[in-house]
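There are 2 protein chains.
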Amino acid sequence: MFAEIITIGDEILIGQIVDTNSAFLGKQLNKIGVEVIQITSIRDDQEVIVKALEDAETRADIIITTGGLGPTKDDLTKHTLCAYFNDELVMDQKTLEHIEDIFAKYISHPILEANRSQANLPSKCIALQNKYGTAPGMWFEKDEKVFVSLPGVPFEMKAIVANEMIPRLKDRYNRPFIVHKTVLTYGLGESAIADRIQEWEDNLPDAIKLAYLPNLGRVRLRLTGRGNDESVLIETINNEVDKLHHYIGDIIKGYEDENSIEEQIAHWLTEQELTISTAESCTGGRLASVFTSVPGASAFFKGSIVSYATSAKHDVLKIDQDLIDNYSVVSAEITSEMARRAREMFNSDIAVATTGNAGPTKGDSDAEIGTVFIAIADANGIVVEKFNFGNHRERVTQKAVNKSLEMVFNMISETKNGK
Amino acid sequence: MFAEIITIGDEILIGQIVDTNSAFLGKQLNKIGVEVIQITSIRDDQEVIVKALEDAETRADIIITTGGLGPTKDDLTKHTLCAYFNDELVMDQKTLEHIEDIFAKYISHPILEANRSQANLPSKCIALQNKYGTAPGMWFEKDEKVFVSLPGVPFEMKAIVANEMIPRLKDRYNRPFIVHKTVLTYGLGESAIADRIQEWEDNLPDAIKLAYLPNLGRVRLRLTGRGNDESVLIETINNEVDKLHHYIGDIIKGYEDENSIEEQIAHWLTEQELTISTAESCTGGRLASVFTSVPGASAFFKGSIVSYATSAKHDVLKIDQDLIDNYSVVSAEITSEMARRAREMFNSDIAVATTGNAGPTKGDSDAEIGTVFIAIADANGIVVEKFNFGNHRERVTQKAVNKSLEMVFNMISETKNGK
Numbered sequence: 140m141f142a143e144i145i146t147i148g149d150e151i152l153i154g155q156i157v158d159t160n161s162a163f164l165g166k167q168l169n170k171i172g173v174e175v176i177q178i179t180s181i182r183d184d185q186e187v188i189v190k191a192l193e194d195a196e197t198r199a200d201i202i203i204t205t206g207g208l209g210p211t212k213d214d215l216t217k218h219t220l221c222a223y224f225n226d227e228l229v230m231d232q233k234t235l236e237h238i239e240d241i242f243a244k245y246i247s248h249p250i251l252e253a254n255r256s257q258a259n260l261p262s263k264c265i266a267l268q269n270k271y272g273t274a275p276g277m278w279f280e281k282d283e284k285v286f287v288s289l290p291g292v293p294f295e296m297k298a299i300v301a302n303e304m305i306p307r308l309k310d311r312y313n314r315p316f317i318v319h320k321t322v323l324t325y326g327l328g329e330s331a332i333a334d335r336i337q338e339w340e341d342n343l344p345d346a347i348k349l350a351y352l353p354n355l356g357r358v359r360l361r362l363t364g365r366g367n368d369e370s371v372l373i374e375t376i377n378n379e380v381d382k383l384h385h386y387i388g389d390i391i392k393g394y395e396d397e398n399s400i401e402e403q404i405a406h407w408l409t410e411q412e413l414t415i416s417t418a419e420s421c422t423g424g425r426l427a428s429v430f431t432s433v434p435g436a437s438a439f440f441k442g443s444i445v446s447y448a449t450s451a452k453h454d455v456l457k458i459d460q461d462l463i464d465n466y467s468v469v470s471a472e473i474t475s476e477m478a479r480r481a482r483e484m485f486n487s488d489i490a491v492a493t494t495g496n497a498g499p500t501k502g503d504s505d506a507e508i509g510t511v512f513i514a515i516a517d518a519n520g521i522v523v524e525k526f527n528f529g530n531h532r533e534r535v536t537q538k539a540v541n542k543s544l545e546m547v548f549n550m551i552s553e554t555k556n557g558k
Numbered sequence: 140m141f142a143e144i145i146t147i148g149d150e151i152l153i154g155q156i157v158d159t160n161s162a163f164l165g166k167q168l169n170k171i172g173v174e175v176i177q178i179t180s181i182r183d184d185q186e187v188i189v190k191a192l193e194d195a196e197t198r199a200d201i202i203i204t205t206g207g208l209g210p211t212k213d214d215l216t217k218h219t220l221c222a223y224f225n226d227e228l229v230m231d232q233k234t235l236e237h238i239e240d241i242f243a244k245y246i247s248h249p250i251l252e253a254n255r256s257q258a259n260l261p262s263k264c265i266a267l268q269n270k271y272g273t274a275p276g277m278w279f280e281k282d283e284k285v286f287v288s289l290p291g292v293p294f295e296m297k298a299i300v301a302n303e304m305i306p307r308l309k310d311r312y313n314r315p316f317i318v319h320k321t322v323l324t325y326g327l328g329e330s331a332i333a334d335r336i337q338e339w340e341d342n343l344p345d346a347i348k349l350a351y352l353p354n355l356g357r358v359r360l361r362l363t364g365r366g367n368d369e370s371v372l373i374e375t376i377n378n379e380v381d382k383l384h385h386y387i388g389d390i391i392k393g394y395e396d397e398n399s400i401e402e403q404i405a406h407w408l409t410e411q412e413l414t415i416s417t418a419e420s421c422t423g424g425r426l427a428s429v430f431t432s433v434p435g436a437s438a439f440f441k442g443s444i445v446s447y448a449t450s451a452k453h454d455v456l457k458i459d460q461d462l463i464d465n466y467s468v469v470s471a472e473i474t475s476e477m478a479r480r481a482r483e484m485f486n487s488d489i490a491v492a493t494t495g496n497a498g499p500t501k502g503d504s505d506a507e508i509g510t511v512f513i514a515i516a517d518a519n520g521i522v523v524e525k526f527n528f529g530n531h532r533e534r535v536t537q538k539a540v541n542k543s544l545e546m547v548f549n550m551i552s553e554t555k556n557g558k
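For the protein sequence lines, the chains are P and B, in the order given. All residue numbers for the first sequence refer to our numbering, where the first residue is 140 and numbers rise by one. All residue numbers for the second sequence refer to our numbering, where the first residue is 140 and numbers rise by one.
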C-alpha cells in the first residue's frame with residue numbers, strides 16, 4: 140500500500156515556511172501500514188498540479204495533496220481537481236453551515252462571498268470536516284485509487300487527518316503491518332558502529348531493513364519490518380535487537396518510544412508525584428519550553444529561572460558573588476549552585492541547571508566555546524558533568540538540551556531499576 | 140534559471156525528521172535569483188534516484204540533492220551518481236587529509252576504512268569542502284546543467300552551501316533579479332483582505348506576483364517581482380505597496396525584514412543599550428528561548444522567570460498571595476505584577492509577562508481556555524492586554540509568543556517615532 144504526498148504552494152519552494160505537514164502525514168500513514176514513497180512540493184499552477192497528480196497516480200495507491208485551499212485568488216487547487224476528475228463545483232449545505240457557524244462564533248468581521256464559496260465542492264468528493272477552519276478536506280475515489288485534498292494550515296490539516304482521513308483509510312484497505320524499532324546509541328559514530336555490527340547486518344532477515352540515523356552526538360538504528368503477521372514481525376525484530384546487544388550492548392542506551400523523551404520523563408514524574416524545575420543559562424529557556432510543551436505539564440513542572448546575564452545569577456538566583464568571581468559563570472561549581480538554588484526556590488524534587496558558552500564570542504567567561512556544564516540536583520545530592528559540543532551556536536544549545544533530557548532520563552531509569 | 144531539490148532518505152518519508160534543508164536551500168537560491176520549481180523527497184534506492192535525476196533534468200537547470208552521503212551501507216548516492224554520469228570513484232587526496240584531520244582533532248575512536256572511503260569521489264566532480272564533517276559536497280556539470288550533491292546533516296549542508304555552492308553558482312550563471320517585499324497585516328482574514336484589495340490586485344503589473352500567507356492571526360502579503368533590472372523592480376514593487384496603503388493602510392503593520400522580528404528587537408535594544416527580561420507562565424520559556432536564539436543576546440537579554448506552577452508566582456516572583464487569591468493567576472492584575480517584578484528582579488529596562496490558559500484543561504484558574512494576558516513594563520509604567528487565542532494548546536502558546544513580540548516591537552516603533 141503506497142502513498143504519495145503533494146504539497147502545493149510557492150511558500151515552501153522559496154523557503155518561507157518549512158514543510159512540517161509532510162512529516163506529520165508520513166508518521167500517521169506509517170502507523171497504519173501505509174508506506175509514503177514520495178513527497179513532491181510544487182507551484183500553485185494548474186498544469187503543474189495536474190502533471191504531479193498524473194505522475195503520482197502511476198506509482199501510488201493513495202495520493203494526498205496539502206495546501207491551495209484558502210479563499211483567495213492564488214488558490215487554484217479546487218478548480219484543478221474538478222478538471223482532473225471531470226467534475227463541477229456544487230454547494231455543500233453542511234459545509235456552508237459550518238463556515239457560517241465559525242464566523243458567528245470566532246470572527247468579528249462579516250462573512251463574505253469568498254468565504255461562503257469555500258462550501259462549493261466538487262460533486263464527486265466526500266467533504267472531510269475541518270473542525271478548526273473554513274476549508275474542508277476532500278476525498279475522491281477513481282480507478283481503485285484514493286485522492287485526498289487537505290488544507291495547508293497545519294493544525295487544521297492535522298485534525299482532519301486524525302478525525303476523518305485515517306479512519307476512512309483504515310476502513311477502505313487491508314494493509315500489511317509495518318513495525319519499527321529504533322535503538323538509541325550514544326558514543327560512537329555511524330561508521331564505527333557499522334564496522335562492529337557488520338556480521339549482524341549481513342545476516343538480517345529479508346523482511347527487516349536497517350537505517351542509520353546520526354544526529355548530534357547519537358546514532359539511532361532503525362529496524363523496519365513489513366509483513367502480514369504483526370506478532371511474527373515484532374518477534375523477529377526483538378530477536379534481532381537481542382542479537383545486536385552482543386555487538387554493541389555497551390553503547391545502546393534504550394529504544395525510541397512512540398513518545399518523546401520529554402513525554403516519558405513527564406509521564407514518570409506525574410506518576411511518582413515528583414516535580415522538576417530548571418535554572419538555565421546557555422539553554423536560554425528551551426529546556427523549560429520542552430517540558431511545558433507536554434500537555435498536563437503543570438502536574439510536574441514548577442518553573443525555570445533563565446539567568447542569562449551574569450548579574451541575574453546573583454540578583455535572581457542569589458548565588459554568592461564571591462563564588463561567581465572565584466569560579467567564573469561557566470564552571471561546575473556555579474552550575475551545581477544554580478541547580479541547588481532552583482530546587483530550593485521552586486521547592487521542586489529535582490532541578491536541572493545548564494551553563495555554557497555557545498559562541499560565537501566568548502562572553503563573560505574564559506571557557507572555550509562549546510563548553511557546557513549540566514547539573515542535576517535531587518534529594519540525594521547534586522551531579523554535574525562537563526561537555527564540549529563544538530563551535531556551532533545553534534548546535535551547542537540543542538545538544539545541551541538533548542543531553543540534559545538524557546541525564547534526567549538516565550537518572551529516572553536508574554531509580555526505576557533500583558540502583 | 141530554475142532549480143530542483145531532491146532529498147534522499149527514508150527518514151523524511153516516514154516522518155522521522157522534518158525537511159528543513161529544502162527551506163534553507165530555497166531561501167538561499169531565491170536570494171541569488173534562482174527559482175526553485177520543485178522539491179522531491181524520495182527513497183534511498185538507486186533506480187528511484189536515477190529516475191528523479193532524469194525527471195528533474197527535463198525541467199530545471201540546477202539539480203541539487205541532499206542526503207545519502209554518510210559512510211554506511213544505506214547510503215547509495217555516490218555510486219548512483221557514478222552510474223548516472225558514467226563515472227568511477229577515485230581517491231581525492233585533499234578530502235582524505237581533511238577527514239584524517241577531523242578524526243585527529245574531534246573524534247576519540249580510531250579512523251576506519253569506511254571513513255577513509257568517504258574521500259573516494261567520482262572523477263568528474265569538483266569536491267566542495269565540508270568544514271564541519273567528513274562527507275564532501277560534489278559539483279557536476281553535464282549538458283549545460285549543474286548537479287550538486289550535498290550531505291543531509293543540516294549544519295554541514297548549510298556551510299557547504301554558503302561557502303562553496305552559492306559562490307560557484309553566482310560565477311557560473313547570469314541570473315535575473317528576484318525581488319520580494321512582504322507586507323505584514325494584522326486584524327483581517329485573507330478573504331476580507333482580498334475583497335478590499337481586489338481592484339488593486341487586478342491592476343498589478345505582469346512582472347509582479349501576489350501571494351497571501353495567512354498564519355496565526357496575521358496575513359502576510361508577498362509581492363514577488365522578476366526581471367533584469369533590479370532598480371526598476373524595486374521601484375515598481377514600492378510603488379505598488381504605496382498604492383496598497385490606500386486600500387488597507389489601517390491593517391498594515393510593517394514589512395517583513397530580512398531579519399526576524401526578534402532580531403529587529405535585539406538590534407534596537409542593543410543599539411539603545413536597553414535590556415529586557417520576561418516572566419512567563421503560559422509561554423513556558425519560549426519567549427526567553429526566542430530572545431536567546433539571537434547571537435549576542437547577552438547584550439540585551441537579562442533572563443526570565445518561568446513561573447509555571449501557581450506556587451512559583453509567590454515563591455519565586457514574590458507576588459503577594461492575597462493578590463493571587465483575589466484576582467486568580469490568569470488576570471490583568473497578576474500579569475502586570477509579574478512584569479513589574481521581573482523588571483525589578485532582573486533590573487532590566489523592559490519586562491514582558493504572559494499568563495493564560497492554553498488548555499486542554501482549565502488548570503488553576505477559571506479563565507476560559509485560550510485566554511491570554513500579556514503585560515509590558517517599562518520606565519513609563521505597565522500596559523496589559525487580554526486576548527483569546529482559541530482552543531488549540533500549541534497554537535495558543537505560539538500566538539502568545541508572536542503577540543508578545545509584536546507588542547514589544549510596536550512599543551519600540553512608537554518610541555522611535557517619538558510618540
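Bear in mind the hints are in silico, worked out from the structure with no lab data behind them. Fair warning: there could be bad hints in the mix.
Any copy will do: because identical chains look the same in the list, a pair fits if it lies in one copy or spans two.
[Said to hold, decoys possible] In silico lysine-lysine, DSBU-like type, Cα no more than 30 Å apart, as pairs:
(1) LYS297 with LYS525
(2) LYS297 with LYS166
(3) LYS190 with LYS348
(4) LYS309 with LYS525
(5) LYS382 with LYS270
(6) LYS217 with LYS348
(7) LYS166 with LYS217
(8) LYS170 with LYS270
(9) LYS284 with LYS244
(10) LYS170 with LYS244
Hints, one by one, checked against the model:
Within a single copy, LYS297 and LYS525 get their C-alpha atoms only as close as 40 Å, which misses the 30 Å cut-off; across copies the closest is 28 Å, which meets it. In this homomeric assembly, LYS297 and LYS166 come within 30 Å of each other (Cα to Cα) both inside a single copy, at 12 Å, and across copies, at 26 Å. For a Cα distance limit of 30 Å, the shortest separation of LYS190 from LYS348 across copies, 22 Å, qualifies, whereas the shortest one inside one copy, 32 Å, does not. With identical chains, the CA atoms of LYS309 and LYS525 are never at most 30 Å apart, being 49 Å at best within one copy and 43 Å at best between copies.
Taking the shortest Cα distances, LYS382 and LYS270 never come within 30 Å of each other, neither inside one copy (47 Å) nor across copies (37 Å). For the homomeric pair LYS217 and LYS348, the shortest alpha-carbon distance between copies (20 Å) is at most 30 Å, but the shortest distance inside one copy (39 Å) is not. In the homo-oligomer, the alpha carbons of LYS166 and LYS217 lie at most 30 Å apart both inside one protomer (26 Å) and across protomers (28 Å), since each shortest distance falls under that limit. In this assembly of identical chains, the alpha carbons of LYS170 and LYS270 lie at most 30 Å apart only when taken from the same copy (23 Å versus 38 Å across copies).
When the C-alpha separation of LYS284 and LYS244 is checked against a cutoff of 30 Å, the pair qualifies neither within a copy, at 38 Å, nor between copies, at 54 Å. For the homomeric pair LYS170 and LYS244, neither the shortest alpha-carbon distance inside one copy (35 Å) nor that between copies (42 Å) is at most 30 Å.
Hints 4, 5, 9 and 10 from the earlier list are contradicted by this structure; the remaining hints agree with it.
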